[in-house]
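K.L.:
Construct all of the structure, not just a fragment, from the sequences and the given hints.
Here is what each chain is made of, one letter per residue.
Number of protein chains: 2
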Amino acid sequence: MYDILKTVNSPADVKKLNTDELNILAQDIREALFNRLTKIGGHFGPNFGIVEAEIAMHYVFDSPKDKFVFDVSHQSYPHKMLTGRKSGYIDDEHFKEDSGYTNPEESEHDLFNVGHTSTSVSLASGLVKARDLKREKYNVIALIGDGSLTGGEALEALDFAGSEIKSNFIIIVNDNQQAIAEAHGGICEHLNELRATKGKAENNIFKALGLDYIYEENGNDIKSMIEVLQKVKDIDHPIVVHINTKKGKGYKLAEENKEAWHWCLPFDKNTGKYTISFPSESYTSLTVDYIMNKAAADKDFVVITPAMPMAAGLTPDLRAKLGEQYEDVGIAEEHAVAFASGIAKAGGKPLLVTNSTFIQRTYDQISQDLCINNNPATILLNYTSFDGLTDVTHLGIFTIAAFSNIPNLIMLAPTSKEEYLNMLDWSVEQKEHLVMILMPGNAVTSRSADKNFSNINTFKIEQQGERVAILALGDFYQRGEELALQIEKNLHFKPTLINPRFASGLDEKLLKNLANNHQLIITLEDGILDGGFGQKIAAFYGSSNMKVKNYGLQKEFYDRYNPAELLQKLGMTSNQIMTDIETILK
Amino acid sequence: MYDILKTVNSPADVKKLNTDELNILAQDIREALFNRLTKIGGHFGPNFGIVEAEIAMHYVFDSPKDKFVFDVSHQSYPHKMLTGRKSGYIDDEHFKEDSGYTNPEESEHDLFNVGHTSTSVSLASGLVKARDLKREKYNVIALIGDGSLTGGEALEALDFAGSEIKSNFIIIVNDNQQAIAEAHGGICEHLNELRATKGKAENNIFKALGLDYIYEENGNDIKSMIEVLQKVKDIDHPIVVHINTKKGKGYKLAEENKEAWHWCLPFDKNTGKYTISFPSESYTSLTVDYIMNKAAADKDFVVITPAMPMAAGLTPDLRAKLGEQYEDVGIAEEHAVAFASGIAKAGGKPLLVTNSTFIQRTYDQISQDLCINNNPATILLNYTSFDGLTDVTHLGIFTIAAFSNIPNLIMLAPTSKEEYLNMLDWSVEQKEHLVMILMPGNAVTSRSADKNFSNINTFKIEQQGERVAILALGDFYQRGEELALQIEKNLHFKPTLINPRFASGLDEKLLKNLANNHQLIITLEDGILDGGFGQKIAAFYGSSNMKVKNYGLQKEFYDRYNPAELLQKLGMTSNQIMTDIETILK
Numbered sequence: 001m002y003d004i005l006k007t008v009n010s011p012a013d014v015k016k017l018n019t020d021e022l023n024i025l026a027q028d029i030r031e032a033l034f035n036r037l038t039k040i041g042g043h044f045g046p047n048f049g050i051v052e053a054e055i056a057m058h059y060v061f062d063s064p065k066d067k068f069v070f071d072v073s074h075q076s077y078p079h080k081m082l083t084g085r086k087s088g089y090i091d092d093e094h095f096k097e098d099s100g101y102t103n104p105e106e107s108e109h110d111l112f113n114v115g116h117t118s119t120s121v122s123l124a125s126g127l128v129k130a131r132d133l134k135r136e137k138y139n140v141i142a143l144i145g146d147g148s149l150t151g152g153e154a155l156e157a158l159d160f161a162g163s164e165i166k167s168n169f170i171i172i173v174n175d176n177q178q179a180i181a182e183a184h185g186g187i188c189e190h191l192n193e194l195r196a197t198k199g200k201a202e203n204n205i206f207k208a209l210g211l212d213y214i215y216e217e218n219g220n221d222i223k224s225m226i227e228v229l230q231k232v233k234d235i236d237h238p239i240v241v242h243i244n245t246k247k248g249k250g251y252k253l254a255e256e257n258k259e260a261w262h263w264c265l266p267f268d269k270n271t272g273k274y275t276i277s278f279p280s281e282s283y284t285s286l287t288v289d290y291i292m293n294k295a296a297a298d299k300d301f302v303v304i305t306p307a308m309p310m311a312a313g314l315t316p317d318l319r320a321k322l323g324e325q326y327e328d329v330g331i332a333e334e335h336a337v338a339f340a341s342g343i344a345k346a347g348g349k350p351l352l353v354t355n356s357t358f359i360q361r362t363y364d365q366i367s368q369d370l371c372i373n374n375n376p377a378t379i380l381l382n383y384t385s386f387d388g389l390t391d392v393t394h395l396g397i398f399t400i401a402a403f404s405n406i407p408n409l410i411m412l413a414p415t416s417k418e419e420y421l422n423m424l425d426w427s428v429e430q431k432e433h434l435v436m437i438l439m440p441g442n443a444v445t446s447r448s449a450d451k452n453f454s455n456i457n458t459f460k461i462e463q464q465g466e467r468v469a470i471l472a473l474g475d476f477y478q479r480g481e482e483l484a485l486q487i488e489k490n491l492h493f494k495p496t497l498i499n500p501r502f503a504s505g506l507d508e509k510l511l512k513n514l515a516n517n518h519q520l521i522i523t524l525e526d527g528i529l530d531g532g533f534g535q536k537i538a539a540f541y542g543s544s545n546m547k548v549k550n551y552g553l554q555k556e557f558y559d560r561y562n563p564a565e566l567l568q569k570l571g572m573t574s575n576q577i578m579t580d581i582e583t584i585l586k
Numbered sequence: 001m002y003d004i005l006k007t008v009n010s011p012a013d014v015k016k017l018n019t020d021e022l023n024i025l026a027q028d029i030r031e032a033l034f035n036r037l038t039k040i041g042g043h044f045g046p047n048f049g050i051v052e053a054e055i056a057m058h059y060v061f062d063s064p065k066d067k068f069v070f071d072v073s074h075q076s077y078p079h080k081m082l083t084g085r086k087s088g089y090i091d092d093e094h095f096k097e098d099s100g101y102t103n104p105e106e107s108e109h110d111l112f113n114v115g116h117t118s119t120s121v122s123l124a125s126g127l128v129k130a131r132d133l134k135r136e137k138y139n140v141i142a143l144i145g146d147g148s149l150t151g152g153e154a155l156e157a158l159d160f161a162g163s164e165i166k167s168n169f170i171i172i173v174n175d176n177q178q179a180i181a182e183a184h185g186g187i188c189e190h191l192n193e194l195r196a197t198k199g200k201a202e203n204n205i206f207k208a209l210g211l212d213y214i215y216e217e218n219g220n221d222i223k224s225m226i227e228v229l230q231k232v233k234d235i236d237h238p239i240v241v242h243i244n245t246k247k248g249k250g251y252k253l254a255e256e257n258k259e260a261w262h263w264c265l266p267f268d269k270n271t272g273k274y275t276i277s278f279p280s281e282s283y284t285s286l287t288v289d290y291i292m293n294k295a296a297a298d299k300d301f302v303v304i305t306p307a308m309p310m311a312a313g314l315t316p317d318l319r320a321k322l323g324e325q326y327e328d329v330g331i332a333e334e335h336a337v338a339f340a341s342g343i344a345k346a347g348g349k350p351l352l353v354t355n356s357t358f359i360q361r362t363y364d365q366i367s368q369d370l371c372i373n374n375n376p377a378t379i380l381l382n383y384t385s386f387d388g389l390t391d392v393t394h395l396g397i398f399t400i401a402a403f404s405n406i407p408n409l410i411m412l413a414p415t416s417k418e419e420y421l422n423m424l425d426w427s428v429e430q431k432e433h434l435v436m437i438l439m440p441g442n443a444v445t446s447r448s449a450d451k452n453f454s455n456i457n458t459f460k461i462e463q464q465g466e467r468v469a470i471l472a473l474g475d476f477y478q479r480g481e482e483l484a485l486q487i488e489k490n491l492h493f494k495p496t497l498i499n500p501r502f503a504s505g506l507d508e509k510l511l512k513n514l515a516n517n518h519q520l521i522i523t524l525e526d527g528i529l530d531g532g533f534g535q536k537i538a539a540f541y542g543s544s545n546m547k548v549k550n551y552g553l554q555k556e557f558y559d560r561y562n563p564a565e566l567l568q569k570l571g572m573t574s575n576q577i578m579t580d581i582e583t584i585l586k
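Going down the list, the sequences are from chains R and B.
Numbering-wise (my numbering), the first sequence opens with residue 1 and increments by one.
Numbering-wise (my numbering), the second sequence opens with residue 1 and increments by one.
Simulated from the structure, these hints should not be mistaken for lab results.
All C-beta atoms, glycine included, are put in the ideal place defined by N, C-alpha and C.
Any given hint could be a false lead.
Said to hold, decoys possible - Chain R is faced by these chain B residues, among others (derived, beta-carbon under 8 angstroms): (1) T150; (2) E153; (3) I187; (4) N203; (5) I276; (6) S280; (7) Y283; (8) L286; (9) S367; (10) A402; (11) N408; (12) K549; (13) K555.
P.N.:
So this is what it looks like as C-alpha cells:
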C-alpha cells in the first residue's frame, strides 16, 4: 500500500519517477485521500479530480522556487502529499497536522492561507510583480477552478493580467464543469464552448482580455499534463492553460453526483453513506420548509444564492421545483447583493442565503446598494456561530462586528424555532429595511415568540428579576438561561434575563429602566467583542453607575479549535462567569 | 438662453422636438452644466460627454415606465435636467435641490442612490428579474462607462446576464476611453480593438459571455444614438450597446485633459482656472513627496492604486517617473488588495492608496488575503474625516468601525505632519502587519512624534494631568487639545491629554494606570461611535468605577451636511462637552 507515495518526500522525488510509476503514484494518492476522507471528511471532488494535474505540476516545475497559488486551496491535498506531508493522509495519527487548505505554517511550498474563492490569480500576480521588481526568475502558477472564475476578484485579476503583466505567469484553469453546485454564468457556458471546440471557439474571453491561451483535453492524464506544462514553463508572458478534468475522478458515486461529493463527512467507502447521523429537525430543514411553502404561496418571493444552495438546504430537486423563484448567481456575492436590491426595488421579495464568512465579500454592496437605498431584502446567513466552521478562513464570529454597524441594517438573532421562523417571515414581508438574520447554530429549541418585529430594537424581557440583568444574544441565549438558573441557585436572587433579538441597536428605554433595580449587566454574544453588541451596552452605561461586563470571543483568527475548550480558555463557562459576578457585586 | 431646455419639463417634452431642436437642447444642457459647475463644481467630463446619449435615451424610451440605471451616476446631470430638475442647473438658488448623483428622493426617474462604480448592471438585472416574475413589460437599461467595467461587481453581473437572463435588458457601454485617470486593464484594451474594428474584432468579450452586441461609433450624435436605441428598444434578450463618446465634449480644455476635468471645483470658464485656492502644504502634498523620495531610494517599494492616483497626489508626470514602481490596477479594489498581499509575500513593499469609501469593497480581501496571512502591506486612505466628502455615498466616517475590528490589522491615526510621515515610513518598512493609515483631513500641523510604532497599541500621553483624561484620536486630536485648555480654564485643574495613535486596539496598561487618579475618560473620534474606538474604552472600564463618555458620529447615512452644524447638533462642541463633563463630575 502507498508503495510509490512512500518514496516521495519532496517534489524532487516525483521527478525521478517514470510514467508508469507516476500513474501508480496517482493511485496511491487516491487511496490516501480515501483513508483521510472516509475517517475525518473534507473536500472530496476537487482533490480526486486534480491528482494527475498536481503530479504533473510538481514533475515539471520546481517548487518552492517556482510558486504555486491554489484557488480556495481545497484541491491542494495531492500537492500536500507531494511536499512532505503525506503522513497527514496515510497515517491516522497525523491527520491533525494538516489543515484542509494551503498553509504557509505547514510548508514552504504553501504560499498563502486561503479558503475563499477567486483569489489565486490576484495573489499570484502580486508574486509576479515583486519577482519582476527584484529582477528574479521563476515561474508563477495559479490554479483556479471554473466555478471560481465567476467571482469578481478573479475577473478583476484576469483583466489586470491581460494588459499589465508582460512576463512569466501561468494560469491553469481547472475546468471540471462544476462549482460546488452546478456552475452558472456566461463564462461557464463559454468554457463549454471552448471544450466542445477543443479551444477553438469563435470568441475566446481570455484572448479578448489580452491573455495567451492553450487547451488541454486530457487533464486527468499525467503524460498529457506534463507535456502541456513543459510547453508553457518559463514562458515570457501570461498564458491560460485550460484543462479539462473530471471532478471526483476515481470514485463512481462522486463522478455521478458531483455536488453531493464536493465535500464530505466521514463515510463508508462501499456504500458512500455518512457514518455519522443528524437530527431530523435542524434550522436548515426548517429553512427548507419555509422556503418551499413561501415560494408556492407568493410568486414575488425569490431565493438568491451565490453558489451556496445547501446553506438553506436546497437540494437539486427542490431548486428545480422553485424554478424561476430560485437564482444561483454563481460565485458572485457582490452581484448577488446588488441583484437583490434591484429585485426589491421593483417589488420582488428577495431572500439571499449563504454562509456568513462569504458575505464578507459584500460589505460595500450591503452598505451602498442596499442600506443607503433602504431596499427591503433579507440576507440569511448560515454558520454564524463560533461553534460551527472552525477553519481560520471560514469563521462566523466576525459577522456581528462587520455588519451590525452599517446604518439602516437590521440584524436579527433568533433564539428558538418559533422566533426564527417568525423573524424570517416578518423580514420577507416587510418593506422598509435590509434585514440580516443569523441562522441559529444550536440544536433546535422551542419557545413562543413574537410575530412582528417592526418595532425596531425592542429587546424582550424573558424573565423579570433584579440586581443582575443578563442580555443573552442569539445563539448564546441558552447560555444566558443556564447562567440565570445558576445565579438563582448560588446567589439566592432571581436575575433578569433578556433576549435582545436585535443585534444592531439598543433598546434605550428598556436599558434606562434596568438602571432602577439592577447593578450589573452581563452581555453574552456569539461573536467577537470588538465592534460587537456588548460594547454598545457598555458605552450606553459608560457615564452611569451601572456595571457592565461583556462576554464573547476575542478579536483573533482562531484556527481549528475545540469550541468547548475555547470557551473555558476565555473564561466563559457559567462557573467562571459566576465567579466574576460575585467579585463585581462585592 | 436655455430656450429649448426651458420647454422640457419631463421626458414627454423631449419626444416633441425635431432633430434641430434636439441639437439645440444639447447646447442648452452644456450651458446649464457650465452654469452649475463653474459656480459649485462637480463631475465635469462624464456629463459633458454623455449629453447626446441621454437626450436620445429619453427620446426613445419611456421613463419612468422604462427604467434607467446609471453607473456611479456621476453622469446623470443631463438626465436630471430632462426629468423636471433643470432648475438645479440653470437657477443658482436651486443648486442645492439636486445632489450630484441619482436620488430616488428627488425623482421617480431615479431608481437608486448610487456613487460607487460598477453596480449598474447588477442593480438593473435585479429590476429585470422582478419585472419577469411579475409578468410586467418594460425596458431596463443600464448605462456603464468603460472605466467601471474593470470592477468585479460589473464583471460578475455581465457574466450573470450573459447566461441567466433571457429577456429584455439593454446595457449601454459608454466608452470614452478614460476612467478617472487613464483606463487600465485587458477589457479597456479590448474596447480599443472593438472601436478600431467598428465592433468586428476577432474576439468579443461580450459575445463570449453570451451577450448580444452592437457598436455605435457616433455616441455624441443624437440622430445616430436615437437610431441605435430604436433598434434595441423592446428587444427580447440582453444586448450590449457599445457607444463611442468623447469625455468632456464641448469644452476644449476638458477634451484635451480628461483626467483633470473628470471632476472640478468652481472655475473660470475662460481660463479653466479654479476660483478657490489651496494651502501650499497639505497631507496630500506631503504624501507625494514621501512617495517620490521613497521610490527613488528603494526599488522594492511600489505604489498601487485602484484608479485613484490623486488620492496620493500622483499626477501623470509623477506616475511616469515612478515607472514600474507604480501600478494603477483600474477600478478593481479587490484585486488591488490581494495583489498587494502577493507583492508583500514575495518581498516587495506595497503601498496601496485610495479614498476610504472605496476600500469598503475589500473587507473580505483585507481580512482573508492580507490579515490572516499577516503579509506586510500599507493601505493609505484619504477622505476618512467627517469633514471631507459629505455625499451619502462617499462618507469616510465608517472606516474605523468597518476595519479596526479585523484581527491582525493595525490602524494608525496620525495627528501631525511628523507623526504622519513617521507612521508611513515605519509601516512601509515593517515586516509583520497589515497597517491601515488614516490620512489626516485637517490642515497640516506640526509636533514632534515617535518614529517607531512596533510596540503595537501604545498610546501616547501628550499632557499628564488628573481627574479627566481625554483620548483624542487622529483628526480629533486638535479638538482634544482645545477641550483640555477649556477644562483647565473653567474647572481649574489640568486634565490628561492622550494621543492614542492606534485606532485598532487598547493600551491596557496605560488605561489601568489612569484609574489611579482619574474619574472620567472622554473619547473623541472622527467616525461613528458604534463599532468604533471609544466603545472599546467604555467596555474596558465597564465593570470598574471609571466613567467613560464617547463622542463621535452616530450610525447614520448623513447626506450633504454642514460639518460644523452637524457637530453642534451632536453636542460635540467644546462648550457642549464641557457641560457634560461638569454634570458627570458632580
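K.L.:
Give a verdict on every hint.
P.N.:
Evaluated hints:
Checking B/T150 against chain R: minimum C-beta separation of about 5 angstroms stays under 8 angstroms; hint holds. Checking B/E153 against chain R by beta carbon gives a least distance of about 4 angstroms; that is within 8 angstroms, so the hint holds. The interface hint given for B/I187 is met, as the beta carbon of that residue sits about 5 angstroms from the closest beta carbon of chain R, less than 8 angstroms. Taken as an interface hint, B/N203 checks out: its beta carbon lies about 4 angstroms from the nearest beta carbon of chain R, inside 8 angstroms.
For B/I276, the interface hint is violated, since its Cβ never comes within 8 angstroms of a Cβ in chain R; the closest pair sits about 29 angstroms apart. For B/S280, the interface hint is violated, since its Cβ never comes within 8 angstroms of a Cβ in chain R; the closest pair sits about 33 angstroms apart. Using the Cβ-Cβ criterion of 8 angstroms, the hint placing B/Y283 at the interface with chain R is not satisfied: the shortest such distance is roughly 24 angstroms. For B/L286, the interface hint is violated, since its Cβ never comes within 8 angstroms of a Cβ in chain R; the closest pair sits about 25 angstroms apart.
Because the beta carbon of B/S367 sits about 6 angstroms from the nearest beta carbon in chain R, less than 8 angstroms, this interface hint is met. For the restraint placing B/A402 at the interface with chain R, the shortest Cβ-Cβ distance is roughly 6 angstroms, inside the 8 angstroms limit, so the hint holds. At a threshold of 8 angstroms, the smallest CB-CB gap from B/N408 to chain R is about 7 angstroms, leaving the interface hint in force. At a threshold of 8 angstroms, the smallest CB-CB gap from B/K549 to chain R is about 5 angstroms, leaving the interface hint in force.
For B/K555, the shortest C-beta to C-beta distance to chain R is roughly 5 angstroms, which falls under 8 angstroms, so the interface hint holds.
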